[in-house]
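J.: So the chains spell out like this:
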Amino acid sequence: MYSEKVMDHFENPRNVGEIENANGIGQVGNPSCGDIMKIYLVVEDNIIKDIKFKTFGCGAAVATSSMVTELAKGKTLEEALELSNAAVAQALDGLPPKKMHCSNLAADALHAAIKDYQEKHKSA
Amino acid sequence: MYSEKVMDHFENPRNVGEIENANGIGQVGNPSCGDIMKIYLVVEDNIIKDIKFKTFGCGAAVATSSMVTELAKGKTLEEALELSNAAVAQALDGLPPKKMHCSNLAADALHAAIKDYQEKHKSA
Amino acid sequence: MRRVYFDHSATTPIDTAVVDAMTPYLTEYFGNPSSFHSYGREVRKAVEAAREKVALAIGADPKEITFTSGGTESDNMAIHGVAYMNKNKGNHIITSAVEHHAVLNTVKALGKEGFDITILPVDKYGMVNPDDVAAAITDKTILITIMHANNEIGTIQPVKEIAAIAKARGVYVHTDAVQSFGKIPLNVDDLGVNLLTLSAHKFYGPKGVGVLYIRKGTRWKQTLMHGGSQERLRRTGTENVPGIIGLAKAAEIVSANLQKEQDYLTKLRDKLIKGVMDNIDKVILTGHPTQRLCNLASFCFEYIEGESQLLSLDMKGIAASSGSACTSGSLEPSHVLMALGLTHEIAHGSLRLSLGKDNTEEDVDYFLEVLPAVVQRLRMMSPLAED
Amino acid sequence: MRRVYFDHSATTPIDTAVVDAMTPYLTEYFGNPSSFHSYGREVRKAVEAAREKVALAIGADPKEITFTSGGTESDNMAIHGVAYMNKNKGNHIITSAVEHHAVLNTVKALGKEGFDITILPVDKYGMVNPDDVAAAITDKTILITIMHANNEIGTIQPVKEIAAIAKARGVYVHTDAVQSFGKIPLNVDDLGVNLLTLSAHKFYGPKGVGVLYIRKGTRWKQTLMHGGSQERLRRTGTENVPGIIGLAKAAEIVSANLQKEQDYLTKLRDKLIKGVMDNIDKVILTGHPTQRLCNLASFCFEYIEGESQLLSLDMKGIAASSGSACTSGSLEPSHVLMALGLTHEIAHGSLRLSLGKDNTEEDVDYFLEVLPAVVQRLRMMSPLAED
Ligand SMILES: Cc1ncc(COP(=O)(O)O)c(C=O)c1O
Ligand SMILES: Cc1ncc(COP(=O)(O)O)c(C=O)c1O
Ligand code: FES
Ligand code: FES
Chain U
1 MYSEKVMDHF ENPRNVGEIE NANGIGQVGN PSCGDIMKIY LVVEDNIIKD
51 IKFKTFGCGA AVATSSMVTE LAKGKTLEEA LELSNAAVAQ ALDGLPPKKM
101 HCSNLAADAL HAAIKDYQEK HKSA
Chain X
1 MYSEKVMDHF ENPRNVGEIE NANGIGQVGN PSCGDIMKIY LVVEDNIIKD
51 IKFKTFGCGA AVATSSMVTE LAKGKTLEEA LELSNAAVAQ ALDGLPPKKM
101 HCSNLAADAL HAAIKDYQEK HKSA
Chain H
1 MRRVYFDHSA TTPIDTAVVD AMTPYLTEYF GNPSSFHSYG REVRKAVEAA
51 REKVALAIGA DPKEITFTSG GTESDNMAIH GVAYMNKNKG NHIITSAVEH
101 HAVLNTVKAL GKEGFDITIL PVDKYGMVNP DDVAAAITDK TILITIMHAN
151 NEIGTIQPVK EIAAIAKARG VYVHTDAVQS FGKIPLNVDD LGVNLLTLSA
201 HKFYGPKGVG VLYIRKGTRW KQTLMHGGSQ ERLRRTGTEN VPGIIGLAKA
251 AEIVSANLQK EQDYLTKLRD KLIKGVMDNI DKVILTGHPT QRLCNLASFC
301 FEYIEGESQL LSLDMKGIAA SSGSACTSGS LEPSHVLMAL GLTHEIAHGS
351 LRLSLGKDNT EEDVDYFLEV LPAVVQRLRM MSPLAED
Chain C
1 MRRVYFDHSA TTPIDTAVVD AMTPYLTEYF GNPSSFHSYG REVRKAVEAA
51 REKVALAIGA DPKEITFTSG GTESDNMAIH GVAYMNKNKG NHIITSAVEH
101 HAVLNTVKAL GKEGFDITIL PVDKYGMVNP DDVAAAITDK TILITIMHAN
151 NEIGTIQPVK EIAAIAKARG VYVHTDAVQS FGKIPLNVDD LGVNLLTLSA
201 HKFYGPKGVG VLYIRKGTRW KQTLMHGGSQ ERLRRTGTEN VPGIIGLAKA
251 AEIVSANLQK EQDYLTKLRD KLIKGVMDNI DKVILTGHPT QRLCNLASFC
301 FEYIEGESQL LSLDMKGIAA SSGSACTSGS LEPSHVLMAL GLTHEIAHGS
351 LRLSLGKDNT EEDVDYFLEV LPAVVQRLRM MSPLAED
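Protein chains in written order, with the working numbering: chain U, 1 to 124; chain X, 1 to 124; chain H, 1 to 387; chain C, 1 to 387.
Bound-form chain U, shown alone (with noise of 0.2 Å):
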């Protein structure tokens, strides 16, 4: 059912764990479905220099979240605000229609822990 994008994301996963220092930290969970995804960033200079990733879901929730962190690496705050959900399921080589919305929670993960840098760094 899985593509082997995925297989492989969920194998060997990209980005795993947490961040000390992280100065953004996002989580979004979806409470009937159960899965639970937080990304950890470290933004220096508008960049995305470091993101990890702590994703309790399904295969295809693990392989978005590690694609979503691959994606966003290096990317600025404004390009990686523009990572959709069909963009992380594309490079992924798609994902099957039960779990589209497994790349939302992804994209939205990401768009959160940038939320919560740009409010901490507001008055910056």
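Hints should not be assumed to be uniformly reliable.
As the list claims (entries may be wrong) - Which chain C residues face chain U? A few, computed with CB under 8 Å, are given here: (1) I184; (2) P185; (3) E302; (4) Y303; (5) L311; (6) S382; (7) L384.
Stated by the list, open to error - Derived DSBU-like pairs: lysine-lysine, alpha-carbon spacing no greater than 30 Å straight-line: (8) K316(C) <-> K271(C); (9) K112(C) <-> K112(H); (10) K112(C) <-> K221(H); (11) K316(C) <-> K5(U); (12) K53(C) <-> K216(C); (13) K216(C) <-> K221(H); (14) K122(U) <-> K75(U); (15) K274(C) <-> K124(C); (16) K98(X) <-> K112(H).
To be verified - Derived list of chain U stretches under chain C, where covered just means 3 residues or more per stretch with a C-beta under 8 Å from a C-beta of chain C: (17) 7-17; (18) 57-63.
Treat the hints as calculated values from the structure; they're not laboratory data. Owing to the predicted nature of the structure, the values given are computational and were not obtained by experimental measurement. Cβ coordinates follow ideal geometry from the N, Cα and C atoms, glycine included.
Place chains X, H and C with the ligands on chain U using the hints.
T.: Showing chains X, H and C with the ligands alone in chain U's frame:
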């Protein structure tokens, strides 16, 4: 579904045909089922000397007609009147449940033929 | 003794290529297609490939194909599901007097549940008149269910004309194509129907598996069986995987060979009909003289009862049927033959010979050789033949 | 890579002796059992012999056995048929919160049609309390449907006690024995039920065929499907002959080997449970500690989601399931695990390992070797494990 006896009587029915100088004729038919049995008798000295049948009906109808003529031949009218449906079915090693009513028809046709004879010879 | 199988309308032998296609799914690939793991996925893939084959065979989209346990279930599902989903629009259902019991009894059951039903008559050839359909449609009509070809007499119904009339009036059409598939070119768009029934064992596939085609956008819902979420909620219960694989393979084969088989069977059938009509008196051909299935010859022999006839032929190794296989053994005269306006006695003398691809000219010759003595013997026993 | 199939509750491989028994009915003996001729009769004989085998296996009379398209259909038929035939007596139906969807959704659908339904809770082991059943029965109760053993957690219900209570109150009992047949000795008189469901593919038989046992004298009628008069009017549609033959053979085999398999599987299961409980922390065994199927081990692993777990195991060649096969792939947490009072997060971490006769100690060893790393890796990724 049919016993070997039934098949034998269907394949080689005994006493098929008409008797021109019959002195007793009985016909029964079940219009809802469509089957018709006709029995011709020659009665002499209260004994069934000759008997023949014609039947429009299923395999069981043919076999029971054949069997009833065989059972009745040579019997006194009283003995023949006691021939029951069960006896006919039993003589054929049984009939499928759905076909039991065919044996009724055969005994009924025989009894009708005897009644016909008795009606005609009442005065005697 | 020579054995001749002339009862392909009751069921067909399974094509050996079909058995071969099924075998891996009876042995190695046993997974449940709903399972997440590799054992499930390999089977899921095969089921979806089967769906595509079936879709291709009838000109449908794979999403419009639902696998069922057979023709009976498909008919029930089709009719009940449309009836209950379109109650708000109306409660009138139209069918014909010559439908299979799976359709007729389902419609009648809905009649008892408060639906308004019209059972259209047929002409002496068993044909529904499209004008009668047009005249029967009311503002409340939600479904017309008319079979593609009849299982007892082979008459092919004008489903395309009926569907055109229905479409203009916004009414859904279901057709039971159990007997026609593999014998008449069949394309759901060309026919214009919304729902269509197939049953594998009538086209050299296995028993116990069928198809319900449901055109995209049709207001239909599974209303009969509740359970898990297989077949996109259209048919619950673990899929009959080997059956589905076999059905698809059989559909592929009959579709590929349609023209060839049709020509071959038409020739055999015509030889058989001619042989019977030329050599036996007091016999009528039932069903339409030309608009009939290429493999079906059906008759009524006067003065003879059907079962006696079958038994006599069976003793000679010939397998035939009288009326529908589903009602033989019951004592009711066939509703189809009654609908043609035949008397009870005539209807009781019906004989159906349904040919298949493995039948030969020799089979027909043998039958024609055996038949006259059978008829003569039974007529000799019959009190009806006297007059 | 080693492949280990631990998903026998979803479906089983077909026994080779079963395939062998079916093969002649996929090839040589293809007749329709309703047909009058020799092709039909030889098949009819086989179907009736199959019915006798099944009857023998569950202590029933052959007349009480009806063949269906599977467990789902049997459940639907049983419940709907009793409900509609006993409406005049009452409209109350009792079931449990842990039934298979084929039962639960059927009962709920009847609830929408005006029946009064009671869904009994279960204890933390998934067990129904017979006292709750007794308390729920009213003058209007017509049917109690409680499964024999649960498909997700293996808990064996006190069906015998429930049936005794029901009988004293004149209430019918149906039990879904899809998971228990072949694993627990099963006799319909000993259980005291009126109706009972089996599905062949759960006991090394083919998919797409099942049984509904209906005790003589039970007020029940076919209410779902209309059509021909097969199966003494209890199940219409051409019989799935190879399926029926396979089901009967499978029933015969599992009955003969019951004691041996039960001992063997219990040993494997206990080794597996012990291995998991001893080597993994934050895990709970779901289902009853002792009143459970001999082949089923089910757990919930904290901080882990079920599908990720399945996928990880699948990558190591191990086929398992999370909750019921019918709902995996859907996003709902299993209603069975919810009924145990577990939280959503815990319920999502469920893993079901269902063993079969071909599994070995080595299979269990391999699983126990692989599992810790799988759990550790997923927990490492889990935001829930932080605290
Ligand atoms: C026209 C028609 N419809 C439906 C059916 C029922 O199909 P099945 O026996 O597969 O349920 C049959 C066959 O008996 C048929 O001939
Ligand atoms: C307890 C139980 N009942 C019913 C069913 C349904 O059986 P089937 O898939 O044969 O329709 C299953 C299997 O999924 C089951 O485990
Ligand atoms: S995490 Fe819920 S379906 Fe993907
Ligand atoms: S003659 Fe009618 S069933 Fe025997």
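J.: Work down the list of hints and note, for each, if the structure agrees.
T.: Going through the hints against the structure:
no. : hint                : verdict
1   : I184                : 33 Å, violated
2   : P185                : 39 Å, violated
3   : E302                : 10 Å, violated
4   : Y303                : 7 Å, holds
5   : L311                : 4 Å, holds
6   : S382                : 5 Å, holds
7   : L384                : 5 Å, holds
8   : K316(C) <-> K271(C) : 20 Å, holds
9   : K112(C) <-> K112(H) : 20 Å, holds
10  : K112(C) <-> K221(H) : 16 Å, holds
11  : K316(C) <-> K5(U)   : 18 Å, holds
12  : K53(C) <-> K216(C)  : 18 Å, holds
13  : K216(C) <-> K221(H) : 34 Å, violated
14  : K122(U) <-> K75(U)  : 19 Å, holds
15  : K274(C) <-> K124(C) : 20 Å, holds
16  : K98(X) <-> K112(H)  : 28 Å, holds
17  : 7-17                : holds (count 6)
18  : 57-63               : holds (count 5)
Consistency note: the structure conflicts with the earlier hints numbered 1, 2, 3 and 13.
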